[in-house]
Amino acid sequence: MLRFYIKGLFRDRSRSLMPIIVVAIGVTLVVLMQCWVTGVLGDMIVFNARFATGHVKVMSRAYSENVDQRPNDLALLGTDQVLEDLSNEFPGMEWVERIQFGGLVDAPDENGETRAQGPGGGMAIDLLSPSSKEIERLNLEKSIVRGSLPTVPEEILLSDEFATKLELEPGDQVTLISTTMYGAMSITNFIVSGTIKFGAAALDRGGMVADINSIRMALDMQDATGEILGYLPGDEYDDLQAASIAASFNEKYSSEADEFSPVMLSLREQNTMTMYLDMVDYFKSMIIGIFMVAMAIVLWNSGLLGGLRRYGEMGLRIAIGEEKSHIYRSLIIESVFIGFAGSVVGTAIGLFFASLLTKGIDIGGMMQGSNMMMQGVMKARITVDAYYIGFIPGIFATALGTALAGIGIFKRKTAQLFKELQA
Amino acid sequence: MRNGNIITIEKLSKSFPIGGGEFTALSGIYLTFEKGEFSGIVGPSGSGKTTLLNILGSLDTPSEGQTNVLGRASTQMNPKVAAKLRKQHIGFIFQTYNLLPVYTVYENVEFPLLLLKKTAAERKKAVLEALEWVGLTDKIKSKPSQLSGGESQRVAIARAMVKKPDLVLADEPTANLDAENSHHILQTMEKLNQELQTTFVFATHDEKVIGYLRRIIRLEDGKVVSDENIKK
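Chains A and B supply the protein sequences, listed in that same order.
When you line the first sequence up against the working numbering, it's residues 216 to 638, in that order.
When you line the second sequence up against the working numbering, it's residues 44 to 275, in that order.
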């Protein structure tokens, strides 16, 4: 019986082709939007991971509880051992040390007297190891406004705005006045190798980037670090995997009784990333929801029109002895087939266009120079979700549209449906 | 069912609400039909023929009075029982043929058997037999759009007869056909009536059909004005 109906459905193009086209268009848009949202919002997650949170981050418990203050006096000790443990426990992951620091930046005149001063905050990263990927990860090379990247430990990068305010040029000397992790005063001279644009007002006001080893020396942080950031293989954030790694690490190495024991947090657990990740999911659900409702309305209407055209057929089927409920069920089954076929076509087309957009749209030209916060290229990302997400609105909207349109069959009296035959 | 009658109608009335009032389509009908009859309900448009046929076919229910069609009383009839009655025992033939346009002749005739859940082999045998009755075995793969009016109505007869029903209700079956095709159709139905002892009830005002009937029930303004048996 079902075969009989499906045969009829696919032979009658007005019943199959048009709805399939409608579903395919909707599903194409859903898949494309899903890939685009995943790509663009995902890039912000990528940025956060690269710049601040890692996919997971290891700190001392005490540091973690006061992380907003970047308290280097609570830094993680014995980092060589921690790094070795991390590499052994989680092979394939990349681990990098970072130190957030702050202090007064002093610009001297030719006599060594203070010419200008300003408070600054900086990030110490591995700038000089040949194997380090930090320069690429933080988009530093493209963010240079003047000068060049540091090539020796004594060099430092300042934000361009900060350097301009202090009237500093690449090659000028600055003095960083700060405190060591033990609370003593630290005074260290650096040469400005270049200036960069961070792309965030707070950082552009007084941001700095220096090599981690020179900052370690300056802040007396031998074998210590503020944070160890971990990146999953392939540099793709996976919430479940990150949570599982963090749980596994904490179970083995972290102790609530020891505030200097290491603790690992996943990206979701840091800053306001929980809200952000939930927002990404919310946006995706919203896109699906909107398209589902829109498609259901369109298909409801086309179902009504198709249903009106088919009242004759319904009357005949009733006359032959088919029950209304059986007819209604057959319409729903037909719609599921339509929805499935439309979803397959729509998903294929959506993935095709999404694959074109995975190369990205370069918006760098529209911005005033590249910076560390913006990648300059907005791109779609095809994830596993993209292969099935279109089927949700595709099939449900079609079934819902038909279910609504089909109510007419129940509302019409049998004899009235039968009369349609004679019309 | 009484006295071998397959249809009994007692004090049947049917009214429809129209505007604020009511339109009485049928009033005070008493009729019986015996197995194997070849009878017609004859009358002008609006006399209530189709309404009566719909009630006989359990597509509609009386406003007053009762019917008993093939042992099922209208008082006990719910949509499920009515659908089962139609599916198993009643065939319909329509003025406009009402073939399903996307299916072949074979598939159109096969459709009632699918509802009866017959096996593929049973269906094939019955469909080919029905198409042989109406002389269309050479058209099994044709679509309705490729058939003439007469051929389409013959397919509709095959579809109505394929399940060998006890009762066939035909509403103006020749209204869209020329004289030659009308006679051909009527001869086919008359032959099936005699061979299979199927009861045929027509609703018609076509003189050609009336000429074939063995019983003529005349309706006027929803009332039976005459009921005569014709000697053939």
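Just so you know, these hints were derived from the structure itself, not from any lab.
Treat each hint with caution, since some may be false.
As the list claims (entries may be wrong) - Derived pair list, reagent style DMTMM-like, types lysine to aspartate or glutamate, alpha-carbon separation capped at 25 angstroms:
| hint | chain 1 | residue 1 | chain 2 | residue 2 |
| --- | --- | --- | --- | --- |
| 1 | A | LYS626 | B | GLU107 |
| 2 | B | LYS161 | A | GLU538 |
| 3 | B | LYS234 | B | GLU263 |
| 4 | B | LYS167 | B | GLU107 |
| 5 | A | LYS348 | A | ASP295 |
| 6 | A | LYS222 | B | GLU238 |
| 7 | B | LYS234 | B | GLU223 |
| 8 | B | LYS182 | A | ASP295 |
| 9 | B | LYS127 | A | GLU528 |
| 10 | B | LYS184 | A | GLU528 |
Tested hints:
A C-alpha spacing of about 23 angstroms is found between A:LYS626 and B:GLU107, which places the hinted pair at or below 25 angstroms, so the restraint holds. The suggested pairing of B:LYS161 with A:GLU538 holds, with an alpha-carbon distance near 17 angstroms, which does not exceed 25 angstroms. Simply put, B:LYS234 and B:GLU263 have alpha-carbon atoms about 30 angstroms apart, too far for the 25 angstroms limit, and the pair is violated. For a cut-off of 25 angstroms, the pair hint linking B:LYS167 to B:GLU107 is broken: about 43 angstroms separates their Cα positions.
A threshold of 25 angstroms between alpha carbons decides the hint, and for A:LYS348 with A:ASP295 the separation of about 19 angstroms falls inside it, so the pair holds. For the suggested pair A:LYS222 and B:GLU238, the alpha carbons sit about 35 angstroms apart, so the restraint of at most 25 angstroms is broken. For a cut-off of 25 angstroms, the pair hint linking B:LYS234 to B:GLU223 stands: about 17 angstroms separates their Cα positions. At most 25 angstroms may separate the alpha-carbon atoms for a hinted pair to count; B:LYS182 and A:ASP295 exceed this at roughly 88 angstroms.
Of the pairs offered as hints, the one joining B:LYS127 and A:GLU528 holds, with about 18 angstroms between alpha carbons and a cut-off of 25 angstroms not exceeded. The hinted pair formed by B:LYS184 and A:GLU528 meets the criterion: a straight-line CA distance of about 20 angstroms does not exceed 25 angstroms.
Against the hints set out earlier in the document, violations occur for numbers 3, 4, 6 and 8.
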